[in-house]
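J.: Put the two chains together into one complex, using the hints given.
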Amino acid sequence: MYYIAKRLAFYVLAAFVAITVNFFLPRLTPGDPASTIVATYSTSLNAESLAALKAAYGLTDEPLLQQYLTYLGNVLRGDFGRSLSNFPAPVMAVIGAGFGWSILLGLTSVLLSFVLGSVLGAIAAWRRGGWFDKLTPPVLLFLGSFPYFFLALLLFYVFCFKLGWFPMGNAYSSVNPPALNLAGVGDILMHLIAPAFTIVLVSLGPWTLNMRNAMIGVLSEDYLTLAEAKGLQPRRVLLSHAVRTALLPNITALGAAVGAVFSGQLLTEIVFTYPGLGYSLMRAVSAVDYPLMQALFLIITLSVLAANFFVDTLYVLLDPRVRTGGEA
Amino acid sequence: MHTNSVPKQPSPGLIGRLRTSLRALALGALASVSAFAVTAPALAEVPLDQLVRIVAEGGNSFTRTFNPFSPTARWVSTRTMYEPLMIQNYATGKLDPWLATAYEWSADALSLTVTLRDDVKWSDGQPFSADDVKFTFELMKANPGLIGPASGAFGQYLASVEAVDAKTVKFTFSSTYTPGLYSLVDQFIVPQHVWKDVADPVTFENPDPVGTGPFTTIDAFGTDRYQVTKNPNYWQPLNIEGVFVQGFNGNDQVSAATLSGNLDWGGLVPDPDVTFVPLDPEHFGYWWPRTSVVLLLANTTDGALGDPVVRKAMSMALDRQRMINTGVWGKSVAANATGLPEAPFKDWLDAKVIADGASWVSIDPDAANKMLDDAGYTKGADGVRVGKDGKPLKYDIIVPSGWNDWVSACQIVAENLKDIGIDVTLRTTTADSWTNSTFTGQFQLSLGTAQRTATPFEFYRNNMATTSVKPVGEASPNNQQRYGDPKVDELLAKFAASTDAAEQKAIIAELEGMFSAAAPAIPLYEQPDWGLYNTRRFTGFPNEQDPYAPLSLQMTNGPLLVWPHLARRAE
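As you go down the protein sequences, you meet chains A and B in turn. Just so you know, we're using our numbering here: the first sequence kicks off at 1 and counts up by one. Just so you know, we're using our numbering here: the second sequence kicks off at 329 and counts up by one.
Pulled out of the complex, with its shape left as it was, chain B reads as follows (with noise of 0.2 Å):
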């Protein structure tokens, strides 16, 4: 292992800056007096043993923002107080009917008719109705700033939204585009009788939100916590008051609440099995379900680079399991060569393309280093191989500094690129500049994973569509390699025009088959979800023996499916 290692807290350059930067305050005893207006505590507070303890917001200085259009928004705005039509469950890779019970496609896919669900009340009380579905549409196609995963429908796909009834909602598509079903209904709905008098919806802050998810009520809001109570009209039975939510200011105070049992809901500590487990091995587990994967980016616009030989002799001389070993405590896959994560796609899976690719995707130095030879990239005096413009291979792979597992994936990718005469130099980064040269293509090598869709096709459009491919220099957070085939264009809008579930299937399998030919990315192994749970107080929560439901608090689809499993526990 390389020994340039991570600073394991915020970077040592930002306490610098404020040495240098900053002088501190000492105002009057009137400010910090009047810094405390002190309102009366709310009538009756939910007692902390009914609540379930989460971990979910960093931070302590908490605002009354539950716009559920705001990525920045209080955490509980998309996971309990607002809900979507459908959710994608990808635990079990199925559509789950929420506010909505069925969706039919007209015969030429150019409408999409959705029932909603009977008796569904507002927390106001009132009723739930399909002129709710097409007033959030509406209001965001009006403003654009507002956020959501129907964010651009309007200018892509989607022509107008109709209330046909009170139960039904048609929404008619200006060309066909099925996969738009998994967006559209995955969209937070909110109350026309509240948000038709918004004046500025995107800077809305909703602090008193009315909305139709299990817990609504802001039963206690401080600087750093909060408690969210019942909904009293929600349309599904509740076993529990609701939950408590905590900031923290770091990962050390996070696990120093997990150890000691001051949480029921958590997402990671590190190498749970040995720290965490044993601990109670009655009442503390996790579970890490894989619904993605992390790949190695090589920027297909330098040099070598976009050579998919160079790639896949790069794929060959990574060692998967080490970096699965030290990464993610052995908790893990590799990846197989369709760049597909196997438990949420398995039915969309081709296991001739993952039998055929499996020698690229599989550590092989010799073979790699040959594949290269045979290629022209001849070594040069100092072990290093040329390119065929002349130039070394020498590369600099990008990582934010702290995130430790991508960190040491990262050092192996550089170590084991070394035995195949490639030479990466690991250079860590704060996730912000990571991300600005990522979305915009300017670097060479970087990790990053497929984001979590219902069916594969956002992978394919995402990694090898020629309209997903920008410019050096624009930022874009799909396709940043930038690697396009007009082929793959013609086959995604195939599919996107069919509603065939078959030919769907075997349009992805030709996709996979693409991609495993041209390797645009490469596959490193599945990602874990991060999730764990303490049942002193609390059970339901989903596991490997009961995977009803993602257990990562992060998604915004997760919670929503597990609040109606959680019971609490008799004393």
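Chain A on its own, in the form it takes in the complex (with noise of 0.2 Å):
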């Protein structure tokens, strides 16, 4: 119980950090939203409207520390402010519509690659030197090394354009979102595959490279050797034994790696026109919308943080050692 206390004093005062890098670097990219709106949108407007502009939009010149403050108590009060390039939609709105999609899409991907590249590193790592073993991590790492945005775009082209296996986007086939019956997650599940497939085939080698590395370790340990020698079922000794605790340093990436897909998500949910959070953050980024930036970061940072808290949960039940106060 100590630990996870200590884990989450950690992850508060990790919050407040992320909380304010999240106020002040939008603000270091140079650029003026109303300006940017104003030629984005509108040629009819000239000096005078930019100025009202401006103001209605809330952006002052107050000092920089002030504006902080402001910003500190409205989220602390979960008040994100009004979109600036979906004026005047309140910020929380705009994300709330791809917030789903995005975690869907993100857990649906990572825990397929965590499950399959465990699965599979497991295996080669068992049969060490067969064929499998030979073949499995070479064409996973070319897979990996693949330029992530080439690859969704040629796979998007044979299999939503060319053939038209699976739709050219979208989350859902109708407009209003689908009832959540048989029909309706089928059709959900239907969108999902083709950019969920592309992720899992870009992060499927660490996974399963990992994982068989750890396992070669473990299978040399004493205590798989005593398994086996007290006539313990080859299957047993695999899963009980060898598995569990080769599993461990990949547990520990899922907590890194659910970041690194997401930077890589972005671009998969661009090309499959996919309905997450990745396009609202990029034209939240090029149209310099401040309130958007800093919700998206914040609810970016936060997960990851809830992501690795969750992670050092799970030691707890998965290692003893963390259990019985010793370190990890």
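Hints in this document: simulated from the structure, not taken from any laboratory. Beta carbons are placed, not taken as given, at the ideal position from N, Cα and C, and that holds for glycine. Some clues are possibly wrong.
What the hints assert, rightly or not - These stretches of chain B come out as covered by chain A in the derived footprint (C-beta under 8 Å, 3 or more residues):
#1 380 to 389
#2 523 to 537
#3 582 to 594
Said to hold, decoys possible - Straight line, CA to CA, 25 Å or less: simulated SDA-like cross-link-like pairs of lysine to any residue:
#4 A:LYS162 x B:ARG865
#5 A:LYS54 x B:GLU802
#6 A:LYS162 x B:ASP580
#7 B:LYS798 x A:ALA52
#8 A:LYS54 x B:GLN770
#9 A:LYS162 x B:PRO606
#10 B:LYS815 x B:ILE682
#11 A:LYS54 x B:GLN779
#12 A:LYS162 x B:GLY589
#13 A:LYS162 x B:LEU607
#14 B:LYS558 x A:SER174
#15 A:LYS162 x B:PHE612
#16 A:LYS54 x B:THR757
#17 A:LYS54 x B:ALA527
#18 A:LYS54 x B:VAL797
#19 A:LYS162 x B:GLU610
Claimed, not checked - Some chain A residues near chain B, calculated using beta-carbon distances under 10 Å:
#20 GLY98
#21 GLU269
#22 SER286
T.: Following this line, the structure appears as structure tokens:
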């Protein structure tokens, strides 16, 4: 319990730093949101309208520190303001639309690559030196070293545009969100396959390799020889003794990998027109939409912290050394 | 061609920044389930095959914002929901009657009386009247953050708006300003009975709009798509059920949808004669009317760039046809010496100014070199000319990366100007930083377009009047080159005080001559307005044979003219 409380305190501090960086980072990029919006959407405004627009959008010339304090107060109240590039929609409404889809795509693809990679790695190590072990790592590494964007476009072109096996975009067919019955879920899955498959394909390599290497290390441990010697079924030796220990590095990687996948997921969402947060983030950055950028960065960082905290907690269950107060 | 090419897709810097500054997410399944707060599908959606499918908005997290006073509200707000009194039609050069049928100036040009159309109703059945017009303008006066064509009218020339009777509106001016007509009648009108109860119209999202336009019913709304169907009370006959707007994340996705025939009305595909039309010549078409001019802007506050001789010599070094061929696939013509596009302003153009000025907007590097030699800009040891202040003529030309037609034009500018001893370096930037630099006058060379207007008045005001010059550092979309001539102010004031077409025409001719003499901006070529159509399902789009309206989806006053002409093709 002490371990978890200690970790929790660390995450609260990290969250505060993240909130602060979120405020200052967007403001380091040069640019002026009102001018950008005016230039993009209207050519009929004069300098006076520009000033009025700035005032309406709440873009002030107050000292940065004062703006920061106002922002802190607003964040604590859960008020992220209005998106400048979707004015006057509140930031939370813009995010709310894409949040669920990003989570769905992200979780599906990370968990799939984690499970699939760990299984493939375990098999390769168990039968090391066999044809499966010789073939799998190089093929996966080759796929993983492809430029992400290029692979996604290639898959989009072949499977969605040319062959038409999968839809050319969106998260579901109807305009309104579908009902969560069998047909609706099937439709959502159909739209999920192509983008999720792309991510899994690219990220599978490291999972497999890490698992394989960890397994080989574990397999040479004395206690495994003992397990075999006392006549345990090979399956039991593999699952309860080898895999459980060898999985620990991959579990650690899980928390971090979520982050790496998201930056790739942005491109996947763009290529497959998947309605996640990736495109919103890109637009927010290019339109200098401070409020939207802040909220998106914050959600992303908080999610990473949450994922890491989850992994820390999981360790308590998986690794007895942590439970008894030793260092993992 | 230079090879310092542009990334095809949004800047790699962005991705890099994300990689380094972001970590991402994994919340529990709980979060994902709750995020799918599923609403039961709305009653009966109009089937997609009855809707005109268009691509007009980027993005995929649409919110129900239909506030017509926000430039970033949903696309339909100002294209299908709210309507203006009259519509300036850039394809025909005419002012088409819309919610108003006629206007009349008083003899002293200080009041404008507008007659409204009979039998117009709001989509909720309430009658549309002069009170709504008066209300809209007063709402804008009370809330300067409401953006529309008539923004700022009250501060500049408008004194009051009066509802004389239910069908007559009288605008009273504080000073004579006849070009104000076009801003006033172009303003989108909102219903008083709905908006009078809105606490803050600037931040009002207007999720359930009540308008006079053809499509006001939000039939279905998803995160990246929505469909808007008929206003049951629309004042003119319609042959289509509504529009389907889909958000796309990138140009490749738009092209894929366009080429596979999944769109009925779209914007740009590169080189359509090769990539698009041959796929289905019977149904696929495009029309790119030219209603604006691409200008090379030289910051006149920057040393030698303030000298008209230098600007004209630069103009004469440029290969405009090559820009047209590489940037817009040959679909344009070189601009003339007045800076005005031909089609929308054909009644205003002075043939003599165009003929006399032809030499400085045509390629002739030898003459350009001679002009610079004669003016005393001698070449230094490195072949680059030196200005009278001793500084070499070395400049940066800035352009947003990814604006491919402009990037290639800028490459040609840089290449051509070397021939006359001016050293130009192409710098691509983000659209945002480009806007910032050009608006504040902190640039040397850049491209710009003239805004589309009803008369050439605004073009000359925004490019030559001292009233449009802001100090360097202060942002303004107009007169980025910061050139001002008090004589122009006088002529513009005379124009603004006149209601006599012949007199106005004479004034504009004089301004055209002054533009050609001083070259405050260097006209390059006429800018096409992208628009393409697919008539497999719907017919009646404007095109070269039937140019009744522009085909651009981006203009606020184009699509409204088109909707009544469209019809569903019989199966």
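J.: Checking each numbered hint in turn, tell me which of them this model violates, lowest number first.
T.: none
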